[in-house]
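S.K.: Take a look at the letters that make up each chain.
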Amino acid sequence: MITMKRLKFVALTMLLGLFASVVSVNAQDVAEGEQIFKNNCAACHNTSAEPLVGPGLQGVSQRRPLDWIVKWVHNPQAVIASGDKYANELYNKFGKAQMTAYPNYSEAQIKSVLAYIDAQNAAPAAAPAAGGAAPAAAAPAESNGGMLQYILIALLGVMVLVLIALLSIVTTLTKLASLSPEEAAEVPLLERIAENAKKLAANSAFKTGAALLITLLIGKATIDAAYGVGIHQGYAPEQPIHFSHKLHAGNYQINCAYCHTGVYKGKGANVPSANICMNCHNVIKRESPEIQKIYKAIEKDEPIQWIRVHNLPDLAYFNHAQHTNVGGLECKNCHGEIEKMEVVQQRSTLTMGWCIDCHRKTDVNAKGNAYYDKLVEIHNSENKGPLKVANIGGLECSKCHY
Amino acid sequence: MENTTKRYWRGIEELKNDAEFVKYADREFGDAPSADEKEGAIFDGTGSHRRDFLKVLGFGMSAVALAACEAPVKNTIPYLNKPEDVEPTIANWYASTFVDGGEYASVLVKTREGRPIKIEGNKASSVSQGTLSGRAQASVLSLYDNEKLKGPQKGGQAAEWATIDKEIVAGLAQVASSGGQIRIVTNSILSPSTKKVLGDFIAKYPTTKVVTYDANSAAGLVAANGVLPSFDFSKAKTIVSLGADFLGSWIAPTEFAAQWAKTRRVSSAKDGNKEMSRHYQFETIMSNTGANADYRSTYKPSQEGLVAAALYNAVAAKVGATALSVAGVKVEYLEKAAADLVATKGASIIVSGSNDPAVQSIVAATNALVGAYGTTIDLGTPVNYRQGSDADMNAFISEAKAGQIAAVIFYNANPVYNHPRGAELAEALPKIGLTIATNEKADETASLVKYNTPDSHYLESWNDAEPKKGFYSLTQPTISTIFKTRQAQSSFLTWAGAASADYAAYLQASWTGILGGKVQWSQVLHDGVYETGASVSAATPAVNLADAAAVVAKTYKASSEALELAIYEKVGMGTGSQANNPWLQELPEPISKACWTNYVAVSQKTAADLKLEQDKEVELTVAGKSIKLPVLVQPGQANGTVAVSIGYGRTKAGKSADGVGANAYPFVTTVNGTLAFFNTAEVSVKATGEEVKIAQTQTHNTVMAREAVVQETVLSEYKKNVEAGRFKPEILTAEGKKTATDISLWNGHKYNNHAWGMVIDLNTCTGCSACVVSCSAENNVPVVGRQEVINRREMHWIRIDRYYSSDASVEDLQGLEVASENPEVVFQPMLCQHCNNAPCETVCPVLATTHSTEGLNQMTYNRCIGTRYCANNCPYKVRRFNWFRYYQTDEFDFHFNNDLGRMVLNPDVTVRSRGVMEKCSMCVQRIQAGKLEAKKEKRRPKDGEIQVACAQSCPTNAITFGDMNDPASEISQLLAAEKVGRAFGVIEEINVKPSISYLVKVRNKEREAKKAEGEAKEHA
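Same order as they appear, the protein sequences are chains A and B. Using the numbering used here, read the first sequence as starting at 1 and increasing by one per residue. Using the numbering used here, read the second sequence as starting at 403 and increasing by one per residue.
Calculated directly from the structure, the hints in this document are not laboratory data. Note that beta-carbon positions come from the ideal geometry of N, C-alpha and C, so glycine has one too. It is possible that some hints are incorrect.
[As the list claims (entries may be wrong)] Computed footprint of chain B on chain A, listed as stretches where at least three residues anywhere in the stretch have a Cβ under 8 Å from a Cβ of chain B: (1) 271-278; (2) 303-311; (3) 322-332; (4) 389-400.
Next up, chain A with everything else stripped away, as it sits in the complex:
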């Protein structure tokens, strides 16, 4: 049976490899196209046929000639103005929403975007599989901790049961040995238990033990509670506008950086300004009462007062660019599965212990970054394991406190 399984696995791997090699013919293009698409197009277009702000782009490369697409991307306004029939129809169909012009993308880059769209439609199943790998890898680590705790509790329970059983056996046996059977039979069971309980309550050793136990438990609870002060894991305040990340990041797969413009550049990821909302919502769902709130804010010239979900104390310096751009971390590493959250909540503890823990475990994203070359070289000459963040001063105070 084992051999059967292994055989199946080998076959599957080979099949996947074959598939991958076919795809990788223009994998470079597709990868580039994916990045361009996600950063620029995904806010308004689906790769499927389903329309978003603009039309779904499935089959666009068959629908329109390449030179037309290039012209359109470079300057849609000009194409509409030239009286192009298709363009004008499209323009009217989508509520006269103007598409942003991208004059800087070369024909090759636009081709790569088209390649990406085609690849998406050709292999719809492949994408989720690739994407799903990361959370799966992360999950066991977390569930491991949980499991262990349950096992421990269960073991404790079993041990207590065993203890009680043993004790009762011992008392019964002692009783039987010391008393005559008649006496034993005379006293009813309940009375005997009550009498024993009284005796136990009078036992000073037992009293001390119980008091100690209670003190310890209270102490433990207090310490646990104290450690929890200032930790707002699960904090999910109601925002002034019911914005759904599930809809935007999940269903429509808008790239995080489209709205959080600073995430690869600066210290803050930045809550998007209203004009970013307006890129789409000057056309889409204008009538929704939630969207109307944005309109009102702009009319009254009063900024929207969002509620901060992730609050670091002022004494801690955190820079998004260091972690996302340089460290190559995904947003969900710290923020959890935002794309599944209707209301955003704080998933991580954001405690210093949590930071330090990650700095201990995480490998430095040194590949291809000349900044780290010397450090990696020195590290490899002295150690066997990979270079961790902790190895290059990731645990030092003034990395975060200054």
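Given the structure of chain A, go ahead and fit chain B onto it with the hints provided.
M.R.: Chain B in isolation, oriented as in the chain A frame:
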């Protein structure tokens, strides 16, 4: 502190071993007197009792319990419509221009989320060369001054711009139609476009005259030379200054300091430069420049003209010119200076701080004799820093008194405060029908006018400047106007009835002429500067020497027994225009180390003669006017003189300035038609019996008899041996004598990545203290105020230690007694040395101060519990304990207890709370930011890309910062050259292995014969 051959001291009290000094010498924190001794318990901070402790404990616990219940809701408020070039948390830099009166600097303004937070020098400017004075550094805080006028006012009541404009236009029209005289009173205007605007105004109202004056007038210099010449000290081999504090306050000190430093930099490398300029200073007060001179001696103000004439005669005798027939005057080193001037002909320069045209004429003639024109002095490219005419201003005040003026507009000028005849003007103002001031505050002058039309701060304004002929720069707004202010230029355009009052458009239009279509406006705006190049001329000014000599002979005396008053400008405070800037108020003056006041400075001998004591108040009376100020005993000042600085005694500048010190402007007299910054008429001082303590930092944190904190040598010895003057401590061990740096308990640290370090050249540090202000701005260093400085609790992360010394050897007691007559001075910037064997790190019980893998000594405020063990154990005394919540407490009313003032805070640096230790972090926020930039671009940081605030702001580049692990970096190369040479660590004998090295100071002077003898004996 004793060196091998010299004795150094930080103040007279240390030299004399004063009781007060001894009392505090071994007290780490100079603890304030206990609560019952002193009122104002808030400043005490020591009076907690057991019950208080319990109260605090109880409160703390309940606060924690409450905190656990509910987190405070914090909002995050994004832009509605984000400007394209603003990315929150990422700084934007704009090139602009700082102009305050005649002070100029091309600057780069750092803004965060649309608010300026730091000013740095623009290296693209060949005029200011990236240098910035402390005042320019501090100007960003003046932007957030809450006491500025918040909008236009009529008769002290808020009004609307439209109404005011209407009334002013009507008023001006009426005056013009009746032929009434209109005056615009202003300080020097550097902006050609503003002058054009004023031209438009005059065209509309032809009876208008512009009266330009300068509080620190240089009219005499202009009169003698025809123009204000460009000086270039970098080409000089012999520099002679007659009372011109050109490194501290004279004309354009930071530019001159940069030039001067180029002639003072030596290198111990094999083929390194070992030549230095020789700098002579003859002066009355101990100035910042005098402190840096190789030879220095003193004269009394009444001798000034004759000293200039004597120098001329000495030079003339050597080059064969006819001597002037004036009384001779004996000044030490004058002959020697003349000999050097002639010897280095063509590379010599003489500058004089006198404002007397006759004296300046003689100096100009001397300069012509030594071939200065065309090399070190250039009349072909005049500068515009001082355009004021003392005669015009005098005439205006007389006219105003006579009721001949119908309307006056004060264009950012405050003559009631900063002109000697200010009181007369104040009395005359009600006689003028229409009075307008564009001053940003209702100051001494503006509070007396009818209409206040406040100008915007330069960081909110458009403007241009032409500091030097053919050298232009632009000012652009970096924040929209905070209050309802309007640019004065727009006001003038409005009143002149221009079609558009949009000065930005006006400016751009006027610049199309300057640029001539060759360069794009946007490019110039980006660069901040536009330079067409200098047109050097070897022309010498036409000087009537005989007349000048006659005037000098009449005005000055060869000797005088009377007490004389010298009036000078302090390096930090300047003319007092930014007196309400607490950073400047708290900046210790480089020489006296006093802050938060001016004072009557006297030499030790004069103090003894007049029975004056330090910190005792006196009444200074000059020609009937008197002020009260405390006495400060100043070594090196001319005997028989008292000196008072201008810039203090403001009455309507704001909380930080009002009532601080006393105003010395009324003592300025007019001599030979120009303002004279001295007074020889009936000067008397009388003790009032009051004790007024001067907040003086000179003896805070004494060196506790440690050796060789500063090290110095003279050029001739340095040429022979690059390690001359080095003190190499040796320690006797069981294995014999060993170099102190070879003995250590520790294994040391390993730096794989970076090793940040600093080299400070004592030879080029002038003590100007621009770095101190820069550091305060960058690192949110709090201002503590006068009383707290007296309590020895100043917070500056970097301080400039000033040591006096004399050539008298340590054993020469009599020599030491007279040492304070004319001591030598050394400046030593002192900041956290980031020791590799840091004594502070080993004593912290909570590991709040630790060592990083990049060589930094880290201070973690949130971990610190305030035991202060680290400060106790710090040999350099650079750790500062934070006693109060300076940013929230109303007792510390220095701009930071309001939201507007706090806008200046650097958001990348924690605002420390009370109860923690703080110190120089080596601008770790900049290091981290620079590293991140490099990592993002997948490369190593480039040398010079990461710059700490103090090094960046040093006008003379005395501070070099960099990565000592990068062999190509400037610091590595400098250290390689100086390792066998001038580089030393302070207090090497305790071997804490500092990351900061200092370079031995080299003086270009000959050792006195007496001294050399003494040494020979010692060695024998």
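S.K.: Decide, hint by hint, whether the structure agrees.
M.R.: Going through the hints against the structure:
1. Given a C-beta distance limit of less than 8 Å, the hint that chain B covers the stretch 271-278 of chain A holds, as 6 residues qualify and 3 suffice.
2. Closer than 8 Å: that is the beta-carbon criterion, and the stretch 303-311 of chain A has 7 residues meeting it against chain B, so the requirement of 3 holds.
3. Closer than 8 Å: that is the beta-carbon criterion, and the stretch 322-332 of chain A has 3 residues meeting it against chain B, so the requirement of 3 holds.
4. Counting residues of the stretch 389-400 of chain A whose CB lies closer than 8 Å to any CB of chain B gives 6, so the stated coverage by that chain holds, three being the minimum.
Against the hints set out earlier in the document, no violation occurs for any number.
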